[in-house]
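Here is how the chains run, residue by residue.
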Amino acid sequence: MSDVEFSATRRLILQGAGAVALIGLGNLPFGLTPALAAANDKYPEEAFKQKSDADAIKTLYGKTAEPSDKVKLDAPEIAENGAVVPISVSTTLADVTSIAFLVSENPNVLIAKYNIPAGTLPNVANRIKMAKTSNVTVLVEAGGKLFSASKEVKVTVGGCGG
Amino acid sequence: MASTIRVRATSSGETTEVQALIQHPMDSGFVKNAKGETIPPHFIQQLTFEHDGKNVFIADWGGGISKDPYVKFTFKGGKKGDELKISWVDNKGATDTTTAKIQ
Numbered sequence: 001m002s003d004v005e006f007s008a009t010r011r012l013i014l015q016g017a018g019a020v021a022l023i024g025l026g027n028l029p030f031g032l033t034p035a036l037a038a039a040n041d042k043y044p045e046e047a048f049k050q051k052s053d054a055d056a057i058k059t060l061y062g063k064t065a066e067p068s069d070k071v072k073l074d075a076p077e078i079a080e081n082g083a084v085v086p087i088s089v090s091t092t093l094a095d096v097t098s099i100a101f102l103v104s105e106n107p108n109v110l111i112a113k114y115n116i117p118a119g120t121l122p123n124v125a126n127r128i129k130m131a132k133t134s135n136v137t138v139l140v141e142a143g144g145k146l147f148s149a150s151k152e153v154k155v156t157v158g159g160c161g162g
Numbered sequence: 001m002a003s004t005i006r007v008r009a010t011s012s013g014e015t016t017e018v019q020a021l022i023q024h025p026m027d028s029g030f031v032k033n034a035k036g037e038t039i040p041p042h043f044i045q046q047l048t049f050e051h052d053g054k055n056v057f058i059a060d061w062g063g064g065i066s067k068d069p070y071v072k073f074t075f076k077g078g079k080k081g082d083e084l085k086i087s088w089v090d091n092k093g094a095t096d097t098t099t100a101k102i103q
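Those protein sequences? They're chains A and B, same order as listed. Reminder that position 16 of the first sequence reads as 16 in this note's numbering, one-by-one numbering, no gaps. Reminder that position 50 of the second sequence reads as 50 in this note's numbering, one-by-one numbering, no gaps.
A portion of the hints provided could be inaccurate.
In the EDC-like style, the derived pairs of lysine to aspartate or glutamate whose C-alpha atoms are separated by at most 20 Å in a straight line are [said to hold, decoys possible]: (1) K92(B) <-> E45(A); (2) K54(B) <-> D41(A); (3) K51(A) <-> D27(B); (4) K67(B) <-> E80(A); (5) K79(B) <-> E50(B); (6) K132(A) <-> E77(A).
Worth flagging that the hints you see were computed from the coordinates, not collected in a lab.
Construct the complete structure from the given sequences, taking the supplied hints into account.
Dropping the structure here:
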């Protein structure tokens with residue numbers, strides 16, 4: 001089996017698993033929580049290969065995000081240097097279990113996912129790479145639901161103000 | 001060899017703020033070198049912070065994190081003098097581990 005076939009099969013299996021988890025969650029809101037919590041610490045290899053926000057969110061969480069004004073994304077309006085863009089997030093949402101950053105125009109949109117155990121505050125700062133001007137989205141998983149905030153960050157190439 | 005990980009952890013009494021700076025190329029696999037050859041992906045995949053036998057923060061990273069990555073977070077608890085254990089593993093299987101005292 002070639003690598004390409006292997007990864008395509010894996011993706012199908014993962015998508016299938018995501019769909020089953022969604023259906024399961026719809027019927028039994030609490031039944032699957034322990035299994036999901038255990039899977040939370042594993043590196044989400046497939047999600048990091050996705051090329052669109054929607055695919056990354058689906059692969060990572062298997063559910064859609066709703067915009068929330070309780071999620072505060074702090075990103076520069078203009079990033080002079082796309083290689084080092086400081087981005088941070090904080091939220092007043094309770095029971096946050098993870099935080100993820102996406103850059104829509106990057107070759108792979110998922111940048112980082114942070115697992116937030118109980119007792120850790122839902123505030124994270126990091127520095128990311130941006131290929132070009134793009135929407136930056138932060139996802140906050142709280143109480144089993146997914147919330148988001150987005151902001152466009154302009155990336156200047158060579159400092160010419162474009 | 002000196003550790004690739006530099007950590008500053010400061011306790012305010014109730015919470016501990018942790019800042020980490022790691023030396024790593026974080027090659028995404030999408031950048032070409034001067035000869036036009038693609039630089040293969042080489043990036044940290046998982047970075048774990050442990051306090052008192054419990055993970056307090058786990059970072060899963062892709063190639064989109066900047067070179068020599070920086071991260072900041074805060075957790076409840078942690079006293080001055082407590083140890084924080086930090087370790088990373090990259091996509092080539094390399095690892096590094098260090099400990100830092102909370103100040």
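Hint by hint, here is what the structure shows:
1. K92(B) <-> E45(A): With a Cα-Cα distance of about 13 Å, the restraint between K92(B) and E45(A) holds, given a limit of 20 Å.
2. K54(B) <-> D41(A): holds, 13 Å
3. K51(A) <-> D27(B): Distance of about 18 Å is within 20 Å: holds.
4. K67(B) <-> E80(A): OK: K67(B) and E80(A) at ~16 Å, within 20 Å.
5. K79(B) <-> E50(B): holds, 14 Å
6. K132(A) <-> E77(A): Holds. K132(A) to E77(A) sits at ~13 Å (cutoff 20 Å).
Violated hints for the displayed structure: none, as all numbered hints are satisfied.
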